[in-house]
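Colleague: Given only the sequences and the hints, what does the whole structure look like? Please build it.
There are 2 protein chains.
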Amino acid sequence: MLNVITVDEALKIIKEKFSAGKIKTEILPIDEALGALAAQAVYSVGPVPGFARSTMDGYALTAEDTYGAGESLPAWLKVIGEINMGESAEKPVKRGECFRISTGGMLPPGANAVIPVENTEEDNGMCLVYKAVSVFENVTKAGDDIKPGERIVNDSEYISPAVIGLLASAGIGQVTVRKKPVVGIISTGNEIAGLDEPLPPGKIREVNSHIISAFCRENGCDAIMYGTVKDEYDVIYTAVKKAAEECDTLVISGGSSAGTKDMTVKIIEDMGSVFVHGLAMKPGKPTIIGEIGGKPVLGLPGHPAACFFVTEIIIKPLVGIMTGRTVEENTMVCELGENISSNHGREEYLCVKTEGNIALPVYAKSGVMSVICRSDGYIKIDRNCEGLKKGEKVKVFLFRR
Amino acid sequence: MLNVITVDEALKIIKEKFSAGKIKTEILPIDEALGALAAQAVYSVGPVPGFARSTMDGYALTAEDTYGAGESLPAWLKVIGEINMGESAEKPVKRGECFRISTGGMLPPGANAVIPVENTEEDNGMCLVYKAVSVFENVTKAGDDIKPGERIVNDSEYISPAVIGLLASAGIGQVTVRKKPVVGIISTGNEIAGLDEPLPPGKIREVNSHIISAFCRENGCDAIMYGTVKDEYDVIYTAVKKAAEECDTLVISGGSSAGTKDMTVKIIEDMGSVFVHGLAMKPGKPTIIGEIGGKPVLGLPGHPAACFFVTEIIIKPLVGIMTGRTVEENTMVCELGENISSNHGREEYLCVKTEGNIALPVYAKSGVMSVICRSDGYIKIDRNCEGLKKGEKVKVFLFRR
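From first to last, the protein sequence lines are chains H and V.
Residues in the first sequence are numbered from -19 upward in steps of one, following this note's numbering.
Residues in the second sequence are numbered from -19 upward in steps of one, following this note's numbering.
Keep in mind that the hints were calculated from the coordinates and are not lab data.
All C-beta atoms in this analysis are idealised placements derived from N, C-alpha and C, irrespective of residue type, glycine included.
If a hint is listed, it holds; no wrong ones were tucked in.
For each label pair, taking beta carbons as the anchor points, the in silico distance ranges come out as:
1. V:Lys221 with H:Gln154: 28 to 34 Å
2. H:Pro181 with V:Val307: 47 to 53 Å
3. H:Ala21 with V:Pro9: 36 to 42 Å
Modeller: Below, the structure is given as structure tokens:
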């Protein structure tokens, strides 16, 4: 017999038991870190830019030399050289001298401002300056973008293209990020055959490991599929032991109920502990939540529709805790297009199609994958709700398209 | 001189020139196809399930044998064997006979219904049936989930975890998807140094290729970084030729203006055609849109902030066309927290921080990466707008966090 608890209670247990899990980290080249979360803050080493730069094409000079200059009374400065982008001046600027300089060029020692080319005239080695500039005018100073020792990435910050650009600008080529948790997946059942196996009469294709793997990878994990194993204690035990050693979390599909052939709960108990056996959800009642060596272990019902919804309702928040990511929900409020009868003391998940603002239930005799794929999302029906009326407002949890 | 056109005109040209581009396809194992778009519809081969299955633990029998049965007058059937999940019956059921059957078990030939175990009693090889069942009661028929030849995936459909599950259930292990377009990225400029290069005085770190690569990968492309090349016609020409052969799209960062050292426009003209040189956007004015061998080629300004916004405003829609994906926008409406003066006949992009519902501009002297990373998003200021007042409603385009 299952000792059923509510979904909310189960999520609370997951949070309590697994929130303190150790976060593994890895060091990645910045170009491979896209989409990861920083595992620690990053501080700059030197200033960015590393030197004062001109923001104009013009002449680098001493601002004081231009004071009082105007259209009718230009300042005269000797042009002693030219600085292009990427070059450094070979000699300093003294009072009465200037360098030709391009936008982005490095200011020579002694210069503290740039006069734009349009305010000057060059004649026979001399530059006529028709306008005064103040100190640091048309100049980006060293450290204007990033100061030495400044925190440029926060702990847990999402590594976006802009953050990658910022790290590159600071000359930082590697970043320490949270390693993706690895989810191991084992499918059990004498009736299931993997895609590369023959399909004799009476057997069906194994579906659940593909769903769980894709789902975990879509939500920031890596996944290892351990294939399909027979409903035999020793065979499952061996597979679970190996996977529990190699992975950070383990999902065992099938055999999660309380019948004589349902071995999952016994195996988790023998290797660790079981916190929950039975959830007040429909589909998905025979779900197990436990741990082996402190790692979360879930037992899921073999029925693909049940597996899908347990993945959505239970595994998604668990993965959120393990990855440190906020679980994004894509929802819309709709009006029900027809009456729905319910309920069974269990929170129920019903696939719907949306037409404009109307949600229409999609029923299926056997509640299988084709129904989910034909739907736009699902609604949750509270376990105490006795039915919903046509026209009632419902929140639709949209599937990604 | 640049012959500037508006952003809308540029996007129209991109749509006209590049929408008919050939879509490359590839065949992937379903577990590697997550997130791709199907390149053609997928049809089932056989029915799913492939045989009639029991939905209950009970007895498989001929429904007609139970007609008239009730609590006081049970039907008596001979138990001739047992069928577990994954097995097939060795012999057919005849009238007056039945098989013990588990949930998911394969109906034996001759059986057309299942009586649940709770409505029966077994005694000395005989099953007493206390309730009538109708034909196909408690049975999932062959093809109830998927019919033979049924279209199970549409052309262009997003390969979600549920679609992967559906394909697995139909025994389909591979799927033809749109291949990710490959974007080649070349950074030009004498002043830039790659992360693995020394940084002599006057040089700055190359930033743009990292931003563009991450952005394209975030939006469904692959990216190849061709490194940094000097501002020399022959050097850039050789790099562009190689990249244009190897990639589906090419982005050249730097040298996109109209100065003597700006070679990008000449090189694209010499190898293909230039459609646009100059966009009424700020930052990002010196942007080039052209083609080489029918492949889109973009020239981007070297300034990282300009590069960032051209990527956001121009490359994102182009990538949307090439990948066939809808470009998702994450926006929120805010009130401006202060007056903003504008404008220059160019659509302007201004970074903002959001505090609740208030958007506050984040200004920077040099408009560099740290400003973008400190901001929550940006607002667009129309090129004809002369300024925005504190309290005005603005649409904030949020950066992903």
